[in-house]
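This is what each chain is made of:
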Amino acid sequence: MANLPRKLELFYDVLSPYSWLGFELLCRYQNIWNINLQLRPSFIAGIMKDSGNKPPALVPRKGKYMMMDLQHLKNFYQVPIRIPKDFLTVILEKGSLNAMRFLTAVNMEKPEMLENVSRELWMRIWSRDEDITEPQSILAAAEKAGLSKEQAKSLLENSSTDKVKNKLKETTSAACNYGAFGLPTIVVHMDNKPCVIFGSDRMEMLAYLLGEQWQGPVPSAVKGKL
Amino acid sequence: MANLPRKLELFYDVLSPYSWLGFELLCRYQNIWNINLQLRPSFIPGILKDSGNKPPALVPRKGKYMMMDLQHLKNFYQVPIRIPKDFLTVILEKGSLNAMRFLTAVNMEKPEMLENVSRELWMRIWSRDEDITEPQSILAAAEKAGLSKEQAKSLLENSSTDKVKNKLKETTSAACNYGAFGLPTIVVHMDNKPCVIFGSDRMEMLAYLLDLF
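For the record, the sequence lines run as chains Y and B.
Each residue of the first sequence is one higher than the one before, counting from 0 in numbering that gives the first Met the number 0.
Each residue of the second sequence is one higher than the one before, counting from 0 in numbering that gives the first Met the number 0.
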């Protein structure tokens, strides 16, 4: 009898570049490892506030380091990250509330599109240095991901309902209840006990915990597609 | 013609458990990869102060997470880490100044012993939950590492000279000049350009970077 797939929750926010890296790695491995990947759009600003943590970029050397680190990781992980010209404004002022509400709506009504729409939002902010806060920005990402104009518009309207706003709060709370202080936060459900992993740099250890094989950031099953 | 080994500086403090992990990994690879590993005993509070950073454990959830993370890493990395009973006191109050000054003295006079003595200090604080601040603690680690009683005592005396104190400050400053905001900080010298890596969880990426040149 084959083992049941292990449930793996990925709490993420498109404002977080390391969330993108974790997301792409897990998307690559979801059909290689025996896991059931569940995407959990969350709000990083809410997690920071609740945990008393602060965005790393507020420490100047951390900000500088992150920019360099992302350049290396972009090549190593083969994710087309490009630092926004006005890095601090994008992260600290513009934020991602509308985008994450939109992804929450997508998850509630068209969950099969969540991966694609999330990716298109990341491509805007973290690859092409484009806005993700304005309605037209979000609609553009949604349509690029494969939603029709009507579907996108309807989801955008739903984004501002209490139902969707509360769902985003709920998901963010769930991450906090797992002890999250930042994103990405991965929760692996093994033996009915959740195992919490922070960041996108514990994948080899995650493979070890799952009893799976780590084939590097670009496993052979996906190599042909790149 | 064989390539020259790439110089790799490891800035570390025995107060930092992640420094221990980075240290053990690089020690294992120093004879496998074409690198020249140079250990740089540094003072983590100096780096935090200079960079405006704070110890992660001050954020309660980070502290809790670290304890769990280290349990996993201990098994995965096979380094015998055990969380001290009074974790916060050990890190935030007792500290590592005397130990890092001692390691600085070792590095200046008996650099071939630096790896062993560093390891024995980590074994005390981060494996057996033993003190590393008192003179007898440091002497015990030094002797376990293979220094004689006399050598250990002499190095301990030298630890409190200005020469050694300044050397520790200098090394800590050097890490800061590379942009360090914590430890471990690894500086890889490739094509005469230093490449700075923070933490003990970028080793696979480090291998990739070393492979390119």
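The hints are simulated quantities; they were obtained by calculation from the structure and are not laboratory data.
Bear in mind the structure is a predicted one, so any value in this text is a computation, not a measurement.
Virtual Cβ for every residue (Gly too), placed ideally from N, Cα, C.
Honestly, I wouldn't trust all of these hints.
[As the list claims (entries may be wrong)] Restraint ranges, calculated between C-beta atoms of paired labels, are given here:
no.: 1; chain 1: Y; residue 1: Gln212; chain 2: B; residue 2: Met67; range: 20 to 28 angstroms
no.: 2; chain 1: B; residue 1: Gln135; chain 2: Y; residue 2: Phe86; range: 46 to 54 angstroms
no.: 3; chain 1: B; residue 1: Asp49; chain 2: Y; residue 2: Phe86; range: 29 to 37 angstroms
Against the structure, the hints come out as follows:
Separation of Y:Gln212 from B:Met67 is about 24 angstroms and conforms to the stated range, judged on CB atoms against 20 to 28 angstroms. Between B:Gln135 and Y:Phe86 the C-beta distance comes to about 50 angstroms, which sits within the given range of 46 to 54 angstroms. Taking the beta carbon of each, B:Asp49 and Y:Phe86 are about 22 angstroms apart, not inside 29 to 37 angstroms as hinted.
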